[in-house]
Amino acid sequence: MSDSRLLQSAPAPLLTLMDLVVDIPGRGDGAPLNLDIRAGQCWGILGPNGAGKSTLLHTLAGLRPPRRGTIRLQGQPLGQLPRRRIARLLGMVFQDHQDGFPATVLETALIGRHPYLRPWEMESAEDHQAALKALRQVDLAGMETRLIATLSGGERQRLAIATALTQDPRIFLLDEPTNHLDLHHQVAVLDIVRRAVAQGRSAVLTLHDINLAARYCDHLLLMYPGGEACWGTTREMLVPNALERLYGQALVTGEVEGVPVFFPRTR
Amino acid sequence: MSRPALVLPILLGAACLSLGIAVALGSVPLTPTETLAVLAGGGEPLHRTLILELRLPRALAAFATGGLLAVAGALMQVLLRNPLADPYVLGLSGGAAVGALLSMLAGLGMAMVSGAAFAGALLSTLIVFGLAHGTGSWTPTRLLLTGVVVAAGWGAFISFLLAISPTTELPGMLYWLMGDLSHAHSPWPAWIVLVVVVLVAMPLGRSLNVLARGPLQAAALGVAVRPLEWTLYGVAALVTATAVTMAGSVGFVGLIVPHMLRLVLGNDQRLILPASALAGGILLTLADTLARTLIAPQQLPVGVITAMLGVPVFLYLLYRSR
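Same order as they appear, the protein sequences are chains L and H.
According to this note's numbering, the first sequence is numbered sequentially starting from 2.
According to this note's numbering, the second sequence is numbered sequentially starting from 589.
Rather than coming from a laboratory, the hints here were simulated on the basis of the structure.
Warning: the hint list may mix true and false statements.
[Unchecked claim] Non-contacting residues of chain H with respect to chain L, defined by C-beta distances greater than 10 Å in every case (computed): (1) 597; (2) 634; (3) 714; (4) 790; (5) 792; (6) 804; (7) 813; (8) 854; (9) 855.
[Said to hold, decoys possible] Covered by chain H, according to a simulated footprint, are these stretches of chain L (three or more residues, beta-carbon under 8 Å): (10) 73-85; (11) 88-96; (12) 107-114.
[Said to hold, decoys possible] Taking CB as the label site, the calculated pair distances span: (13) L:237 / H:727: 38 to 46 Å; (14) L:147 / H:594: 21 to 29 Å; (15) L:188 / H:593: 41 to 49 Å; (16) L:241 / H:851: 33 to 41 Å; (17) L:24 / H:737: 26 to 34 Å; (18) L:81 / H:627: 39 to 47 Å; (19) H:697 / L:147: 55 to 63 Å; (20) H:881 / L:119: 44 to 52 Å; (21) H:754 / L:119: 38 to 46 Å; (22) H:740 / L:120: 44 to 52 Å; (23) L:78 / H:696: 35 to 43 Å; (24) H:615 / L:147: 47 to 55 Å; (25) H:851 / L:267: 46 to 54 Å.
Ideal placement from N, C-alpha and C gives every residue a C-beta, glycine not left out.
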């Protein structure tokens, strides 16, 4: 989808960041972020370790207050919305998974229905169907009764994504969704995200792989270690100099199938 | 799927059976027919007194106390996301014991002893949860560690009180420390608390399931984490205080009952909470019956029985979980 068409349809932004400064303890203010995330957009966040990518995602999910500025979700200030309402609109996949107690794969996917169910309500047949469908999408069909403690890192990661798919939010916030995944499943998971975005959802994901970001994201936000940030369409942002400065790493640039590729320069 | 549907009716049946056993056994053993006759409203006068005035109130008190302790354990384990949390380990029982012993030393009446035990349990909760809160992060490990240390502190204080107490007071105090149901008068307050807490906690069950996945994941799935955690702290303190007031510090029920149920049923709190209430009740009713009859006419503190069962089970579970 080209930018001109996006502008013509001009859907109201799902998520608006206004002068947003995230709160990273012990760190000075970063550059304020001002951007709109609209339906049908996939935003990639790139930056070195410790640049505040995860903190930004947690802030966007309303899990920690920003230091300054506001976030609006469908036009309403995020801090004033009840958690349940937010959870129907925003789905978050975390980088770490805390599994305190034994639980099965299906139970873990099913908790994605929590924001839709009333206190006394049990999960319905449709909820089960939604969870099973999500598990099929991430290639975990047939593992419904396995205990999560027995899963490999990549399987656990795909299960977290299945939980988010079961949650069926308007915006997916994905912290390193390709973590622990083999090549095939990296592409498979990002294909799922792309399909969801094509159906009018939006996604914000942190990635370490510039080349996957170049292929799957239409917008990029670069977060520099010093706190500066810049953002725009992927085409605008994929400038070798900027990326080299971002990671403090010399890059070799090429092109494959009309898309730029970047590799670290090694000796 | 059918397993959860079956569990509660089975436990309910076992609960009735355990109460039946508790009223039938004792220094004057009764046959099932004699027991049933009394419960149906007839029977010999001696049997009526024995059952309706002595054994039944005590069995009901044991059942409610066991249920409360198991529910408190189940709630605290979810709250701390640690299977080793329970009122005894976290020092709530110790605080209650200190309150009770102090009022016994001061020569106060039974009602005051109960009130002091309640105050002690609440104080202990405030200390443990208040200190563990610290600079704002609720780390379960820190909470557990705080509880264990506070429990050790109460233990030392209890030893101090025992050391300075007149010898005549000691037997009553020691019984109280190990948990003893022979002082329990009316079982009804404990029953009311048990039923209300289970009814309040059941609709929260799914939220608790999500909370067991960690506070961030729970918040991301729409749980208002802070209010839910405060509710749980309050409920756990109330439940523990009620149980300790009934029977002194009975250990291990809150630890082993939810844990064993989880091994069999999985970790759906909507099932674990009512099942804990029933299974904890059954366990303590049977343990108290043993305590009354094992070396009759002498009575053992019921805490001795639960600890004798609890210690090996606890160690086995720890060993398995490596």
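Checklist line | Status of residue 813 of chain H, Cβ more than 10 Å from any chain L Cβ | finding: violated, 8 Å
Next item on the list: For the range 44 to 52 Å, tell me whether the beta carbons of residue 881 of chain H and residue 119 of chain L fit it or not.
Entry: holds, 48 Å
Checklist line | Minimum Cβ distance from residue 855 of chain H to chain L greater than 10 Å, as the annotation requires | finding: At about 4 Å from chain L, residue 855 of chain H fails to clear the 10 Å cut-off, so the statement is violated.
Item checked: CB-CB spacing for residue 737 of chain H and residue 24 of chain L relative to the 26 to 34 Å hint -> holds, 32 Å
Next item on the list: For the range 44 to 52 Å, tell me whether the beta carbons of residue 740 of chain H and residue 120 of chain L fit it or not.
Entry: violated, 39 Å
Next item on the list: Could you check the hint for me, namely that residue 697 of chain H and residue 147 of chain L are 55 to 63 Å apart, CB to CB?
Entry: holds, 58 Å
Notebook entry, point to check: When you take the CB atoms of residue 78 of chain L and residue 696 of chain H, is the distance between them in 35 to 43 Å?
Noted result: Hint violated: Cβ distance 55 Å, outside 35 to 43 Å.
Next item on the list: Take the segment 73-85 of chain L, compare each residue's beta carbon with every beta carbon of chain H, and decide whether three or more fall closer than 8 Å.
Entry: Coverage by chain H holds here, the residue count being 3 at a Cβ distance below 8 Å.
Next item on the list: Take the C-beta atom of residue 188 of chain L and the C-beta atom of residue 593 of chain H, compute their distance, and say whether it sits inside 41 to 49 Å.
Entry: holds, 43 Å
Check: Per the stated criterion, does the least C-beta distance between residue 597 of chain H and chain L lie above 10 Å, as a non-interface residue requires?
Finding: Answer for residue 597 of chain H: holds, closest chain L Cβ roughly 18 Å.
Notebook entry, point to check: Is residue 854 of chain H truly not at the interface, in the sense that its beta carbon sits beyond 10 Å from all beta carbons of chain L?
Noted result: violated, 7 Å
Next item on the list: Could you say whether the range 21 to 29 Å given as a hint is met by the Cβ separation of residue 147 of chain L and residue 594 of chain H?
Entry: holds, 23 Å
Checked against the numbered hints given earlier, the structure breaks hints 4, 5, 6, 7, 8, 9, 16, 18, 21, 22, 23 and satisfies all the rest.
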